[in-house]
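Trainee: This is what each chain is made of:
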Amino acid sequence: MSHLAIAPILLPGFTAIVLIFLARSSLKITRGVSLISAVALLNIVISLLQQSATGSIEVYSLGNWDVPFGIILVVDTLSSFMLLVNAVLVIGAILFTFHWNDERADNLQALIHFLVMGVNGAFLTGDIFNLFVFFEVMLIASYALMLHGGGKERAKAGLHYVLINLVGSSLFILGVGMLYGVVGSLNMADLTQKIAQVPAEDMPLVTASALILLLVFGIKAAILPLYFWLPKAYGSASAPVAALFAIMTKVGIYSIVRVHGMIFWQGETMATLQQWIWPLAIATMVLGAIGVIGARRLRMQLAYTVVVSVGTMLGAFAIHSAESMQALFYYLAHSTWITGALFLLADVIAKQRGGMHDSIVRGPQLKQYRSIGVFFFLGAIALIGMPPLSGFFGKVLLLNAASGVPGQAAYWAAILVVSLITLIALGRAGSTFFWRVNEPKGSAVAVPKSAWLGIGFLFLMTFLMVIFAEQSLVFFAHLGEQVANPAAYIDAVFSFEAVNHEN
Amino acid sequence: MEILIAIVIAVLTGTGLYLMLRSRTFPVVMGLTLLTYAVNLFLFAMGRIQYNAPPVINMSDTYSDPLPQALVLTAIVIGFAMTAFVVVLALRARADLGNDHVDGKDSVEDVKEANR
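Protein chains in written order, with the numbering used here: chain A, 1 to 503; chain B, 504 to 619.
Take every hint as true, because none was put in to throw you off.
Straight-line C-alpha distance at most 16 Å; calculated EDC-like pairs for lysine to aspartate or glutamate:
1) A/Lys152 / B/Asp599
2) A/Lys156 / B/Asp603
3) A/Lys152 / B/Asp609
Bear in mind the hints are in silico, worked out from the structure with no lab data behind them.
In isolation and in its complexed conformation, chain B is listed as follows (with noise of 0.2 Å):
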């Protein structure tokens, strides 16, 4: 399970971080949001992987660390309201510089790649 969890947060990570050197807002922004799930679900591992135990105390005979899953609530709803700012800011940037570049203008080369 934590090998599983592991692999998880490592795949959304680099996927992340590989969207979020694209030159084009659109994948930055996919990428941002994936980097995001992944550093939610590293947060909720850190109250360590744990079955069937509900996280109040003389519920049973374990009971998890309810810290992190309130943690990670605020950080989901702080990185929902991030992303939703981010899309709209890189719209209002689409339309006032003409193109999706985070630069704000096409190199020649993707121009030409472009046009192939």
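Next comes chain A alone, as it looks inside the complex (with noise of 0.2 Å):
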């Protein structure tokens, strides 16, 4: 047992509380502190990830309990990779916010900490009470966040976002006592193997809960009857924000495929979750477009992607083959990337346009548009999917995965139906900002290299995902195969022993 397991939270959450003491020294300082942290966490997480894609679960024991009393975080290849995802996400969203967006003494950068550590516990615990514990820290600090800047529109869908994320919060220990109160365990390898013996007459309980955590996590990641927080949300947060917030509908979508995937997946809940999320995913994908088309704001309209991409991972969750898992974690670490990436770069063409912002409409030249423009020409064909980008791989594999199942007309429809209308209104977003233009304002600041490194680190990434992409298809493969089957990861928590002291 090795303690490089809980560094993923530790990190961040001493950088934090570091921070908040720095946080009348100079920016230097504190944006030093924040970037060397966040790199120093990029490091770890790749040695997880080497560790875990060697094909070994890692199991840790807070406090040296034994399994399954005490609370464990487990690292394995899902795990690993989203921590990869999210520490990746958030040196883009650092090394932007370092010209435009903080200030002394505002704690930005602290509360970036504060939410990457709570992310990071979601991500690593293997727990259900636990993951709701660290859904609160990502909660909180996320809050604080969104209504980083002020401002009226901020204070009104910052409102709109913390009540309801606290109902969700209210519902989450609902469904998690109901569970405690049917099965009797809250560690998740256990009650996967305790579901199987729930008494007949007790399912409907059990299904009851699984409902209620769909309900609670679909607020999360934003599925359909659940998603009119999100647009206001992350169209009026500012720009590091948003694409941090990239990270958090993914965290849904992990804890649907990790709760529901593994524990739910099971006899007759199984068919119940079936029935309620093949039609979930396809409506989700296409109110998503109607929303990317009928958006008048960037923002607004990268927001919809958002909406679309986790209806398309919601339905490749239902087909839950070790394929469908390759495809949906090689969608998602691109969807992520980029959606960050387009969020940054719609504050600096927001910035370039002086009174018009992002709104769709003519207005004056950019300063900058050719360097702009390349990058929102390379951005629009990855989220649309268009070869050669990231985002055509994920497609491809998604609707590979897709064939033979018995949703797979409905399924393919919406992706490619989508396609076409995100294409659209992209093209239209981008001849508007670029074509449409009137003489260009002398006034407009010019972009500063640290939004471009922001910007630019992102859209490495997802080239590196394509350039690589035989070797990390390869890895996603080991990834879908431990997902769609969890004894795996079972057994590597019931074969985990305490540390003994005494010897």
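Each of the two chains sits in its own frame; use the hints to bring them together as a complex.
Mentor: Now the structure itself:
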């Protein structure tokens, strides 16, 4: 049992506390500490990823309790991969904050690290109540981040965001309480085994708790009837925060894969879940696409593409085979990074258009229209899913995984039509921003280098996903295999032995 | 006893839900608080209801499950912090938006009713 497993939680937590003490010191120091910590986190995560890519699943018991009594952290391929997605996104967002967004003593950097701590904890934990606790850590940081910068729009969107998530938290406790009342355990691996032995008359209670938890994760992931908070929240948060929030919906998807895909994916509960998830996935995609084409601001449009990607991933989850899980997580990484990068880019565009901001109407020509245009074009291609960028590989994998399953026709049609709609909408936005222009504004500010660094870093990562597609697909195949067959996870958890210090 | 607790949880949930659907921030916050109470009580009841049973083994013949008590303690602390945050946020929104409507603007009917 090495202590590396808990480092992705401790490091950001510690950094955040240090940053609060440093709040009054110069910006150079807080930014430096924040960035160094984020890079260190990436290093830790990469070593965890290398460790788990060999197939070993590490179990870390907090307080050295025996399984299933204490709280455990589990580092399997899925957890370590999600940590990587988060660590990369955070570096991009932190780089971007360096010029426009943070001020002395506003604690932006500290809040970012608290958010990272909560997200990493949610990815690592193997205990369902602990998942709730880390959700709360993540949410309280995100509430403060959401309101960062102040203003009317943020106060309004923030109020909605906070209220709906508080209801979600209450429902989370309700679902977990029900599950504990029937099954008598909170450890995810233990729950998976014990649900098989639940007497038939108690099964409806288990199914009810599965659906309540689906509701909770659905709020986080922004699935169909629960996504109305998302466009406003993402559209009005400041740019690096909106980019960071790209991981939040993925936390919801991750939780669905972990909790529903492992614990509840058996017997009649599975059948009920499948009944719910298929139509929800397709409807989320369709409504997201309507939002994409109807949006009048670029930020809003990007927020709706997040909804679309959530629907896409949910569909891949409903198929629940090794191939679909492989496709899901390739698509997840691509979608998180490219959405993050585009949210940052949207801010650059808005800053250069003066009073027009990011409204999709004729406005002054951008000052650096060539460089921004190239990035927008590349980003749009990746987001839509056209060759040769990462979105294309993601969608091909998804379509491949869906062939031969019952929902194939609907899923294929939804993916293809939604991609077309995204293409039309982004084409319209791009041509308005770069071609339907008036005289350039002399007063527009140049884009600072750090903003390019943040955006470029996230773009680079998606390019790497294409360049090293072959190697990464081997890893994703392994990941998909492990997610689709949780036996290895359960074995690893139960073969854990508490460290004996007396010997 | 079971029936009494069930009724209490149901009433708390019902009033909480009703208040949450109101249009002003204060009733909504109150509703959230009541819902949190209901949920905490529910979580506590999941350890089964027993008399004279300390959550320690070997103290008496029966013992109650200590885990839901620990969970409910965690949930209370978190709920408390969140309520404090949402109260401050509601005040901030009231100051920024000029009214306490959850959507930040009063509808015509609301204003009429207030003037009546």
